[in-house]
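Student: Take the sequences, apply the hints, and build the full model.
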Amino acid sequence: MDISKEKLVWLYETMYRIRRFEETMLEQTFKGNAMGVTHSSDGQEAGPTGVCAHLTEKDWIGSTHRGHGHCIAKELDTKKMMAEIMGRATGHCKGKGGSMHIADFSKGMLGANAIVGASIPLAVGAALTAKYKGLENESIGVAFFGDGATSQGILHESMNLATVWKLPVLFVCENNHYAEATPVEYAVSILDIADRASSYSMPGVVVDGMDVFAVYDAAGEAVKRARNGDGPTLLELKTYRYHGHFHADVPENYRTKEEESDWKERDSIETFQDRVIKANQLTDKELKAIRDEIDNEMIEAVDFALNSPMPDMDELYKDVYVNYPNSVLAPQQRD
Amino acid sequence: MTTQEDTKNPLGPGYDVAGSEMRYRDSFNKTLRDELNRDPDVFLMGEDIAGGAGRFDEDGKPLDAWGGPFAATKGLIQDFGPDRIKDTPISEAGFLGAAIGSALTGLRPVVDLMYFDFVTVAYDQLLSNAAKSRYMFAGQTKVPLTMFARSGGGTGHAAQHSESFYSMLAHIPGLKVVVPSDAYSVRGLLSAAIRDDDPVFVVSDKKLINLSGFVPDENFAIELGKGRYLRKGSDVTLVGMSYTSVLCKEAAEKLAEEGIDCEVVDLLSLSPLDESILIESVSKTNRLIVVDEDTPRCSMASEVAAIVADQAFDYLDAPIKRVTGPHTPVPYNKALETAFMPDSNEIIIATKKLLDL
Numbered sequence: 001m002d003i004s005k006e007k008l009v010w011l012y013e014t015m016y017r018i019r020r021f022e023e024t025m026l027e028q029t030f031k032g033n034a035m036g037v038t039h040s041s042d043g044q045e046a047g048p049t050g051v052c053a054h055l056t057e058k059d060w061i062g063s064t065h066r067g068h069g070h071c072i073a074k075e076l077d078t079k080k081m082m083a084e085i086m087g088r089a090t091g092h093c094k095g096k097g098g099s100m101h102i103a104d105f106s107k108g109m110l111g112a113n114a115i116v117g118a119s120i121p122l123a124v125g126a127a128l129t130a131k132y133k134g135l136e137n138e139s140i141g142v143a144f145f146g147d148g149a150t151s152q153g154i155l156h157e158s159m160n161l162a163t164v165w166k167l168p169v170l171f172v173c174e175n176n177h178y179a180e181a182t183p184v185e186y187a188v189s190i191l192d193i194a195d196r197a198s199s200y201s202m203p204g205v206v207v208d209g210m211d212v213f214a215v216y217d218a219a220g221e222a223v224k225r226a227r228n229g230d231g232p233t234l235l236e237l238k239t240y241r242y243h244g245h246f247h248a249d250v251p252e253n254y255r256t257k258e259e260e261s262d263w264k265e266r267d268s269i270e271t272f273q274d275r276v277i278k279a280n281q282l283t284d285k286e287l288k289a290i291r292d293e294i295d296n297e298m299i300e301a302v303d304f305a306l307n308s309p310m311p312d313m314d315e316l317y318k319d320v321y322v323n324y325p326n327s328v329l330a331p332q333q334r335d
Numbered sequence: 001m002t003t004q005e006d007t008k009n010p011l012g013p014g015y016d017v018a019g020s021e022m023r024y025r026d027s028f029n030k031t032l033r034d035e036l037n038r039d040p041d042v043f044l045m046g047e048d049i050a051g052g053a054g055r056f057d058e059d060g061k062p063l064d065a066w067g068g069p070f071a072a073t074k075g076l077i078q079d080f081g082p083d084r085i086k087d088t089p090i091s092e093a094g095f096l097g098a099a100i101g102s103a104l105t106g107l108r109p110v111v112d113l114m115y116f117d118f119v120t121v122a123y124d125q126l127l128s129n130a131a132k133s134r135y136m137f138a139g140q141t142k143v144p145l146t147m148f149a150r151s152g153g154g155t156g157h158a159a160q161h162s163e164s165f166y167s168m169l170a171h172i173p174g175l176k177v178v179v180p181s182d183a184y185s186v187r188g189l190l191s192a193a194i195r196d197d198d199p200v201f202v203v204s205d206k207k208l209i210n211l212s213g214f215v216p217d218e219n220f221a222i223e224l225g226k227g228r229y230l231r232k233g234s235d236v237t238l239v240g241m242s243y244t245s246v247l248c249k250e251a252a253e254k255l256a257e258e259g260i261d262c263e264v265v266d267l268l269s270l271s272p273l274d275e276s277i278l279i280e281s282v283s284k285t286n287r288l289i290v291v292d293e294d295t296p297r298c299s300m301a302s303e304v305a306a307i308v309a310d311q312a313f314d315y316l317d318a319p320i321k322r323v324t325g326p327h328t329p330v331p332y333n334k335a336l337e338t339a340f341m342p343d344s345n346e347i348i349i350a351t352k353k354l355l356d357l
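Top to bottom, those sequences are chains A and B.
Residues in the first sequence are numbered consecutively from 1, following the numbering used here.
Residues in the second sequence are numbered consecutively from 1, following the numbering used here.
The hints are all genuine.
Rough simulated footprint, nothing fancy, chain A against chain B, three-plus residues with beta-carbon under 8 Å:
id, stretch
1, 88-98
2, 123-135
3, 138-146
4, 272-282
Examples of chain B residues lying across from chain A (beta carbon under 10 Å, computed):
id, residue
5, D83
6, S102
7, K176
8, G225
To be clear, the hints were calculated from the coordinates, so they are not data collected in a lab.
Glycine included, C-beta positions come from ideal geometry on N, C-alpha and C.
Tutor: If you want it as structure tokens, here you go:
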């Protein structure tokens, strides 16, 4: 697939932004500035980047507990994301959602979801809305999920619904080879999760999830199918989670250093740099300028978050309902 | 506030307008039809809500083989088509999740979950997505979703098709739960649920579905969170919900023959809950019996008792009593099932005991 220079820059910016965001976010978590657990997606940057490169704000994505990369690829604001993780009033969800529930409905981001697999039918529902309104050529649903979610019934129900109703959906499995601390070969009976697609009469494609160009090409085909009304596709992106399941997890307890370094040799960002420089598509200088700008963006994001106010205490009671005549106060607060 | 005026007829303020007697199920169907006509974003989903999905009759119309469980959606597919009356695979979690996704992106889905028991199959989507999205995302979105299902025992459906676990839903912040008790209230509450911007569960007791009552011709909605008096009285307050409101009224009428004057409050809505009608009634009768077909522990009966104990303790002249099912599943055998079900006789006994008679 031909890629414009503008798109190449976007791919690089997005992957590098995800990488630096995750590194910065982990640093802040260990400093005690995050208010809870965080799940880093560094190592997996090529997936969300290569898929979302084909999407607009009218397309909807569902995401996971490891959702920062999806948010960034859907062009959410890194300042508001960092503020959300630090529980601040200026966060995407006013500090009420946190790392695992970042959402921006104005950007077509249906929200990160901390129940494994639970966001998958939401993307199917977004596609249903598009088809109901005759807009499937301009609005599709993309469900991101990990290899762990393929053991959940909800994935299979969602794939079945999407295929029997021929909905414009992409099922994107980011197979990072670990469900928490459980290796994929223990929990999944087949070698390629993409093969699950054959049960739902949709194409299933194994993709090198460390190669953003491979993801871009495969996702481009799948998005085209969806927009043409040809129904859903399952993409399996073989990738790797550089860090543990959550910030304090020690992955060395269940995987080898050799395995980690094998994957890191195929690092998506370094591979991209080598390739575009060799092909004279982008210069070292251009790449460095992008990196500098994003490094600075991260400093600003942390600064913005740390200097943002905490939410008003009233926020505890707000937005439970659109309208509700009863008090939501605890009984002892009502006396 | 419910006024004395409203209580002239137990069916409520609509009774003075043009209308007719009809079955609960027909009132339900009529309401769905009106809402589908009113708003093109309203659509229905569920298992066999038409039946024979994907097939056509000899006139080329989509089959309506079942017309939905208990014929709730009879005729709708032929008038509104299969895109708006959407039969689903047996996949409650999947299609409820998809309905939530469609609600998050601009539609107003109405989902038939068939038997109330099947809620648990889809409970994660209901709890974690439908009820929490607005809060987790700080008001960025709303979930205008309506769900309905049939509850209750007494019909030989046995343990897995007879649940009344209202409190498992009313317990959830972000979700609303209504329990119509007749043909009139189902019309008002179902239309209110579909027009509401929050997720609302409409629970229909199977024993109500074929009962008839007065329903106004005009389209109307009952405000969610308002209970009503089915009978005014001064000796004891009987609180019912769904079918137990019918039982309370029956018991009150029998007790009236013995000179015992019961007030009957029909909750109609479990969340939000009309706390003021409870306090208003107990402040007058000073005695409370709550009747709930659900099992007793952590039930709506317990919740009503707690609210009255908390907010109206000084008005009480006697302990609050609950009349509920036992702490067991619903059995199949008719005699055992009958023993499970709260009935008007148990309400009468409880009332007399409370009055030291």
